[in-house]
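A.B. asks: The chain contents come next:
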Amino acid sequence: MHNHTIAELAAGLKAKKFSSKEITEAFLKRIKELDNKLNSFITVCEEQAHKDAQIADAMLAKGNAKPLTGIPIAQKDIFCTQGIKTTCGSKILDNFIAPYDATTITHYKQAGAVLLGKTNMDEFAMGSSNENSFYGPVKNPWDLNRVPGGSSGGSAAAVAARLAPGATGTDTGGSIRQPAALCNLTGLKPTYGRVSRYGMIAFASSLDQGGPMARTAEDVAMMLGVMAGFDTKDSTSVDKPVPDYTATLNDSLAGIKIGLPKEFFNAGLDANIAKVIEAAIKEYEKLGATIHSISLPNCELSVPAYYVVAPAECSSNLARFDGVRYGFRCANPKDLEDLYKRSRGEGFGAEVKRRIMIGTYALSAGYYDAYYLKAQKIRRLISDDFRQAFSQVDFILGPTSPSTAFKIGEKSNDPIKMYLSDIYTIAANLAGLPGMSIPAGFVDGLPVGMQLLGNYFTEARLLNVAHGYQQVTDWHKKTPENF
Amino acid sequence: MKWETVIGLEVHCQLTTKSKIFSGAATAYGAAPNTQACAIDLGMPGVLPVLNIEAVHMAIKLGLSIDATISPHSVFARKNYFYPDLPKGYQISQFELPIVSQGHLDIDLEDGTRKRVGITRAHLEEDAGKSMHEDFNGMSGIDLNRAGTPLIEIVSEPDMRSAKEAIVYLKSLHALVRYLGICDGNMQEGSFRCDANVSVRPLGESKLGTRCELKNLNSFRFIERAINFEIARQIELIEGGGTVIQQTRLYDADKNETRPLRSKEEANDYRYFPDPDLLPVAIEQALIDKVRLELPELPQQKCERLQKQYELSAYDASVLVSSRELADYFEATVKQAQVSAKLAANWINGELAAALNRHNLEITASPITPAQLADLLRRIADNTISGKIAKSVFEILWESKESVDSIIEKQGLRQVTDSSAIEKMIDDILAANPQHVAEYRSGKDKLFGFFVGQVMKASGGKVNPQQLNDVLKKKLAGQ
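Chains as they are written, first to last, in the numbering used here: chain A, 1 to 483; chain B, 1 to 479.
Please keep in mind that the hints were generated in silico from the structure rather than gathered at the bench.
Errors might be hidden in some of the hints.
In silico DSSO-like cross-links for lysine-lysine, where the CA-CA straight-line distance does not exceed 27 Å [to be verified]:
1) A:K66 - A:K334
2) A:K16 - A:K37
3) B:K171 - B:K115
4) B:K401 - B:K335
5) A:K37 - A:K66
6) B:K391 - A:K353
7) B:K79 - A:K374
8) B:K444 - B:K475
9) A:K14 - A:K85
10) B:K475 - B:K462
11) A:K109 - A:K233
12) B:K255 - B:K130
13) A:K16 - A:K377
14) B:K462 - A:K233
15) A:K21 - A:K32
16) A:K91 - A:K32
17) A:K91 - A:K21
18) A:K51 - A:K21
19) B:K164 - A:K233
20) B:K18 - B:K2
21) A:K353 - A:K411
22) B:K130 - A:K341
23) B:K391 - A:K341
24) A:K377 - B:K290
25) B:K130 - A:K334
26) B:K79 - A:K233
27) B:K130 - B:K2
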């Protein structure tokens, strides 16, 4: 059961080969048996999952099922769920139960999907290894000594180990694409504004975007169809119709123009990973694509620009966690200042504190122009680079991550090294563009992801390009041993 | 040395939108604590603000009425600071690009001159909640009902030169926002709040002195007192060889003094930056044109019209337009009474204003309606009663539901205009006071008033004064 893709499970449900109850129980059983090795879930929603499955089976029986009705989905613990704990991987929200659903959760509910559980993540989505969670690190099912990537590491590990057929993630600087790459998944970060951010706990509001993670482009397309759409509760969501992302998956790729940014293939890239990406490029050529060399000259500035903008926004976004209204409060505060200092000091982890301090500094009087404003200017330059590039090519292709999954603890004491894990993914967030990571091969038994970036709101075409590749390769079908 | 005072004012007006500026929760005042605050007002994780367009319309109204620039592109920014009644740890406000900038308000000073006060900017922002420090056993309670209530902050240029001028400006602004219907102006409930920036400099000096910001000013009277106290404090300090330190000072109404709250060094660094959760506010000319059509007649326009249409003095007109409701009351009264507007203005600004003041009532709560007052004025105009008697009728009218005519009849207050009756009364008085008559006739003119008083007394004040004068003059002259 657990080896089926979402599309296969949906077809089986429709054909009444099995029920949502059976699928749900199968996945709950796997979580129970295997997640102690991975730590991919913070909360398993057994009771809710059973209820949802019952509703889904009723919908299926009545014949008013939608594409995802009855499919168990794991939700990153950054999406608020009414009545079910939402921690964002932080001690400060260890006791937090939201009185509302995130719009994404509402959409999955309306689609008849089953809420399997809430997945582990780097605290407040800050991290590239999932080592920054209050609930402990997540292990990569391909090698339990290695990280699954982050911040959506719990979602990635859970889907890669097939403890869930699909999961949601959020991507602020690569948090969907990088763990997808490190765990051999297909993950999509939509155009900024395509998926509502309401109820998705903010890290960096101008960069955050929720998206799907699954094993195939087809599954991702089905999930995106549920997640995408305008939301009156999110002023930054865009009022644009949502296409049927599955309808164009099989369109021909003949004549598409793929650009290779020379900056993504320079000396910093591991030679073995370069080889994997070059092989993928060959496949695209076989499919009729033409390959073009392009340049994104300002993209080398994306990491420093990101590490000003994202911490600046986070320093303000995380101010609400003050121990006053909800969440963790220190014991016996002696006055207001003590309440603030200790609730936040004890409630936040080291990486979150580091970013709050960087961001506070960057926004301070006298430094604002030199840091925040300058970073915003770089953002515009990066967007201009992409505009220029997309006037020449349809898609941009390169590696998702400069390395395969690294060892737990390997980079955790070197923030700069850790920050560079997102060197290829961050630019898309700064420009608000959609991007995907697709399984493209292996180096030393560890998965390598290929990144595809598209122009604004070209998700359907991106999925089509990813699907085309998956029809002629079987990297995405590989599963880790022992899972 | 002669000193010049320089005052600039920051006024916060709560806008009268039904729901909050960034959420759908109600803005109603006085509800049980934390019953008018939704997840957004509480700053729960993951929630997002959505701008209430009604607040934008109100800001445009204000901007148009002060001849200001309405920015086609304005930006909401976050003002970051920690306080328990500020749920998100930041206030959504506007910083670099406010919605309204560079306007002015013309104010009419007591000496009859008109002064133009510059308005630097007016921007939209959200109000904070309230901390309550009593009744919680040494802890503090927080009521977030007010959190997210829309405010417009109106910042003046440092154009005022005395506490009196500051008050005239504030009263004019207060009238304006109420005319526009964008603020209820209730100062006790905090709907209209003011901070004053006060400095002094030697007369003739062009450089500004160091300013202090006065907070906690919640009535016109206190604002005037606080500013005057602060002016005296600064002058005394400088003349005593000291220097004014830039600081925020709190006014204590009980002690009538200001005292330091925090100095510039201790001031927060608010780390303003554009709020990434909200798009820039784009305002098209078409919207501005539409809002312009909804603008009511403004106080100054109304004041000029009342002077012209009703031939009122500038003073009478300016008192009447101090609130839209008062001016409406006046116009309704004149229309129904068909008497001279001057008479109506005198009664409304005199007798009625005094009575309302005594009972601490707004004009809208007046127990005497314009129709009733019109009845009364008509009876004065047609000589049924004298002005003096009318005051008694007014008093009865205030307390009862009876009509003016029935009060006059029942109390027998109708004026005596029958000339033979008046002659008879005068004859009786003259006959009873032969000594005074003789003295008058020998040149003591002042005694005329004595005879008038005697007749009035005998008639219970009901004799028509004009007739009395005429007949009395003739009789005393021996005619």
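A.B. asks: If a hint holds in the structure, say so; if it does not, say that too.
C.D. replies: Okay, the hints, checked on the actual structure:
no.: 1; hint: A:K66 - A:K334; in the structure: 55 Å, violated
no.: 2; hint: A:K16 - A:K37; in the structure: 33 Å, violated
no.: 3; hint: B:K171 - B:K115; in the structure: 14 Å, holds
no.: 4; hint: B:K401 - B:K335; in the structure: 22 Å, holds
no.: 5; hint: A:K37 - A:K66; in the structure: 34 Å, violated
no.: 6; hint: B:K391 - A:K353; in the structure: 75 Å, violated
no.: 7; hint: B:K79 - A:K374; in the structure: 20 Å, holds
no.: 8; hint: B:K444 - B:K475; in the structure: 15 Å, holds
no.: 9; hint: A:K14 - A:K85; in the structure: 32 Å, violated
no.: 10; hint: B:K475 - B:K462; in the structure: 20 Å, holds
no.: 11; hint: A:K109 - A:K233; in the structure: 17 Å, holds
no.: 12; hint: B:K255 - B:K130; in the structure: 24 Å, holds
no.: 13; hint: A:K16 - A:K377; in the structure: 56 Å, violated
no.: 14; hint: B:K462 - A:K233; in the structure: 72 Å, violated
no.: 15; hint: A:K21 - A:K32; in the structure: 16 Å, holds
no.: 16; hint: A:K91 - A:K32; in the structure: 24 Å, holds
no.: 17; hint: A:K91 - A:K21; in the structure: 33 Å, violated
no.: 18; hint: A:K51 - A:K21; in the structure: 9 Å, holds
no.: 19; hint: B:K164 - A:K233; in the structure: 47 Å, violated
no.: 20; hint: B:K18 - B:K2; in the structure: 50 Å, violated
no.: 21; hint: A:K353 - A:K411; in the structure: 18 Å, holds
no.: 22; hint: B:K130 - A:K341; in the structure: 22 Å, holds
no.: 23; hint: B:K391 - A:K341; in the structure: 68 Å, violated
no.: 24; hint: A:K377 - B:K290; in the structure: 36 Å, violated
no.: 25; hint: B:K130 - A:K334; in the structure: 21 Å, holds
no.: 26; hint: B:K79 - A:K233; in the structure: 22 Å, holds
no.: 27; hint: B:K130 - B:K2; in the structure: 43 Å, violated
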